[in-house]
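Novice: What follows is the residue order along each chain.
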Amino acid sequence: MLSGYWHFTPEVLVVCGAFAALFGGYLPGKDRGAAYAAAGAAALAAAIVAFGGTGGPIVFGQLEPDSVARYARTGLAGLTAVWVLWVAGRGMPGERRREGVALALFATAGGMLLSMAEDLIVMFVTLELATMPAYVLMGYRRKDVSGLKRALDYFVDSILASVIVLYGLSFLYGISGSTAFSGLELEGSGMLGFVAVMLTLVGLFAKVSAAPLRHWTLDANAKAAPVSLAFVSTVPRVAGIVVMSRLILAIAASAPAIGILVGVAAAASMIAGNCAALSQGDLRRLLICSGIAHLGYLMMALAAGTETGYGAAVFYAVAYAVPSMGVMLVVAEEGVAIGDFARLASRRPWVAWSMVLWLLSLIGIPPLAGFFGKLYLIGAALQAELMALVLLAILATLLSAAYYFRIVREMFFGDEDEQVGGAIEPSHAATVALALCAVATVAIGIGAPRLIAALGVRFG
Amino acid sequence: MFAVELLILVPLVGAALCVGVGRLSARASRLASLGATIASAGVLAFLAAEGIFSGVALEGWRVARDTVPFWDLRIDGLSAPLLALTALTGLVAVLASWGEHNRSSVHHALLLGLQASVTGVFLAADVVLLYVFWEAVLIPMYFLIGIWGHENRRHAAMKFFIYTFAGSAFMLVGILMAVFGIGQTDISMLVSGRTALAQPSLVFWLIAIGMLVKLPAFPVHTWLPDAHVEAPTAGSILLAGVLLKMGGYGLLRLALPISPGSFAHAGIVFAVLGIVGIIYGAALALVQSDLKRLVALSSVSHMGFVLLAISAGTERGIAGAMLVMVSHGLVAPLLFLLVGQLYVRTHTREISRFAGLGVVTPRWGSALTFGALASLGLPGLSGFPGEFLSVIEAFGAWSWPMIPAMIGVVIAAAYNLRAVREVVHGPPAEEWRALRDLDAGDLVPVMLLVAAIVVLGVCPAIVLNMSGDAFATLAELIAGGV
Chain E
193 MLSGYWHFTP EVLVVCGAFA ALFGGYLPGK DRGAAYAAAG AAALAAAIVA
243 FGGTGGPIVF GQLEPDSVAR YARTGLAGLT AVWVLWVAGR GMPGERRREG
293 VALALFATAG GMLLSMAEDL IVMFVTLELA TMPAYVLMGY RRKDVSGLKR
343 ALDYFVDSIL ASVIVLYGLS FLYGISGSTA FSGLELEGSG MLGFVAVMLT
393 LVGLFAKVSA APLRHWTLDA NAKAAPVSLA FVSTVPRVAG IVVMSRLILA
443 IAASAPAIGI LVGVAAAASM IAGNCAALSQ GDLRRLLICS GIAHLGYLMM
493 ALAAGTETGY GAAVFYAVAY AVPSMGVMLV VAEEGVAIGD FARLASRRPW
543 VAWSMVLWLL SLIGIPPLAG FFGKLYLIGA ALQAELMALV LLAILATLLS
593 AAYYFRIVRE MFFGDEDEQV GGAIEPSHAA TVALALCAVA TVAIGIGAPR
643 LIAALGVRFG
Chain A
128 MFAVELLILV PLVGAALCVG VGRLSARASR LASLGATIAS AGVLAFLAAE
178 GIFSGVALEG WRVARDTVPF WDLRIDGLSA PLLALTALTG LVAVLASWGE
228 HNRSSVHHAL LLGLQASVTG VFLAADVVLL YVFWEAVLIP MYFLIGIWGH
278 ENRRHAAMKF FIYTFAGSAF MLVGILMAVF GIGQTDISML VSGRTALAQP
328 SLVFWLIAIG MLVKLPAFPV HTWLPDAHVE APTAGSILLA GVLLKMGGYG
378 LLRLALPISP GSFAHAGIVF AVLGIVGIIY GAALALVQSD LKRLVALSSV
428 SHMGFVLLAI SAGTERGIAG AMLVMVSHGL VAPLLFLLVG QLYVRTHTRE
478 ISRFAGLGVV TPRWGSALTF GALASLGLPG LSGFPGEFLS VIEAFGAWSW
528 PMIPAMIGVV IAAAYNLRAV REVVHGPPAE EWRALRDLDA GDLVPVMLLV
578 AAIVVLGVCP AIVLNMSGDA FATLAELIAG GV
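Residue numbers (this note's numbering), protein chains in the order written: chain E, 193 to 652; chain A, 128 to 609.
Just to be clear, a hint being listed does not mean it is correct.
[Unchecked claim] Covered by chain E, per the in silico footprint, the following chain A stretches (three or more residues, Cβ under 8 Å):
no., region
1, 271 to 282
2, 286 to 295
3, 299 to 305
Quick caveat, the hints were computed from the structure, so don't treat them as lab data.
Nothing here was measured: the structure is a model prediction, and the numbers come from that model.
By construction, the Cβ of each residue, glycine as well, lies at the ideal position given by its N, Cα and C atoms.
Chain E with its partners taken away, still in its complex shape (with noise of 0.2 Å):
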């Protein structure tokens, strides 16, 4: 039974990592050489999932090292150290590095393990160890006390949607009398199964702020530092959306009304991420608002209730969280207004096409990631006929477009005489990590023919 534990490697160096974060103090260049040695961690977690091989069910049958997990959790590593790269470049505001590193590198070994789990009790445990230090992280900055009052208000907020997510559990094993995800049968349990899937649900949008109670990300995360909002919003999501889809595939079989559930969702996110993002002046509400909205796509996707959706869900999660990372880096560089950006493009030319690029991502032109990403989710809605959602899902890439391109219009043809802030501090730390993002959106882009394929997701 031990011989599938060393799949366990990457997770118990990426702990191993937040512990030498932890304990910086004592490290060669203290408080950046730990940032340092966490970033290094992650990266090599990633490149051993990456390149480590796939397993059947391991710790009896309640993880699953399949491809998908491969997928997500090279994605979520590579995130972080991504993400601990730039910390360590630029720090963290006004306090210091290394327990925001530690924090963030234990939610990724919990996301890690939420990305394998094929059973009811390790979700909700590993979805707590990946949520739960996002909550401090909200609130890094002890003397900010409206963030703290916010990050508070995340914290109450969040527990509620896990209670309500326990609570749809406890209905599901009680259905099924089997907490595996492969047990879980809800065939003829009526209206009690419905309620069950719909407590679930409801919950796990919440978590990753879908529709319908999507608001509370919104109050919640808007004063929040920029950088911890890079990760917050990208890396405990990516875990959640993994498990929510793999949660999804495995009861749609056997209840139907979920694929109306989730389609219902997913319109409704679509609908009012973009409405929503169209009007904000500050990039972090636009950033939150458009990511509800991606989440909507995804949620397309896997309303069709199948194995092509559930693999084009998965792989959008990342695709979509790889040039949000960057985008909200840099806001975190140049500050939280639209204008801080102005004529970005003369001050910074290779940041400034970097955003482009990210952007353009998001919206979804070819060949970047984001295009690959939104072609799969429609491919899976199309094959399950949801041709309404689909038209849906182009009229809001349409919408969201003239949100991001008021960004790049900003950059490039903003209004020279305002006056922006001072030059900012060149770093090569977080060069590197901004560029690592852009090279992953086109890689991802690129390779996503292939990467699909590897998830097992098979068309035509």
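Given the coordinates of chain E, work out where chain A should sit on it, guided by the hints.
Specialist: Frame of chain E, contents of chain A only:
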């Protein structure tokens, strides 16, 4: 054959080189970009020697690589003339922006990027690859208009992007429906497996919307005057020269072959849109006070002929559409080039402020007169054979309702001659007494286009020979009906 791929790779490498050597000097990056466009024209000449222009069948030259997903290129009769056009206008665009001093290395890199993407559209044999290049065209054009354009550039850049992106979004749904309905991404396999489509008409119209916006057809043409007027000269040249042709090409390459049965009802729609476009564009051009806007609106009118010619659905009709496209791809860049050269010297495009430029700047004046004559379809120049064929074929297909198209031809003569009369003829305006005429450097791109216009006018068979088989195959598909 690797040379086919070089058509895309050479401009791309040139673009990277432009940015790279741009730090050394602006001149170096200009030379790099000129070198790249000449090299890609050279590659095309090499391929011409191998016989790509000799009129090969629809399944002509192919390069597919398993290592790169969806990478599947093909040259055939439909793409060959447009590839030649792209190479020529790319070269002209680089020469036209020789005097650009504002971030010239990035400017040239974007021009080359644009050339690579458009070439990719014409080469793609895989529908996903085609879409990738199709969208990639938007990005360099957006920045060319937005950074180097005139006063109202930001608005025009955004409008251009939103319109064409909206069109291609519908096109994507259509493409995906076809791909998942048939289970292939290869265009020729899509065509041969088209009977598996559940809703061919829906697929056709979704794809056609994207093409009609790009062409542009009335009533989705409104992005074009703004984009053309605000774009820098090189941008207008590429926009008019090749970007608009993507619309016509897409209809012939993708929309009609995948669902030829839809032609039964689409033909009449195309004919109506074509005629409205011809007359509406020409009428608007007649009352413009801005010389560049006049040229831009004449494009709407000319593209109406493309649609009209396609609506006939016959072999000669399709040939006419191709001829109009190639001809307009030579004439419109010539006029934009001349207007741009005038603007650089005078900083105005107001027709009413000019008079008698034929006396002050005889070389420029003669070139504009030549361009106007070509644009109104003078026999012997490139505009005539295509428009003639399209009107004749449309008359054959739809008979007397085609008479309004002839009115469009008359208005075309009116607006072109009006421009010549106001700007070139008459006593010279005092304001421009000291105006500098075109020098040798300015004349190179002008003469390239003039030569091509004359050659195509005298001998339209050049294009017809390249693509005869392709037209016949298409006409058979349409006649077959399913």
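Novice: Against each hint, give a clear statement of whether it holds in the structure.
Specialist: A quick look at each hint next to the structure:
{"no.": "1", "hint": "271 to 282", "result": "holds (count 4)"}
{"no.": "2", "hint": "286 to 295", "result": "holds (count 4)"}
{"no.": "3", "hint": "299 to 305", "result": "holds (count 4)"}
Checked against the numbered hints above, the structure violates none of them.
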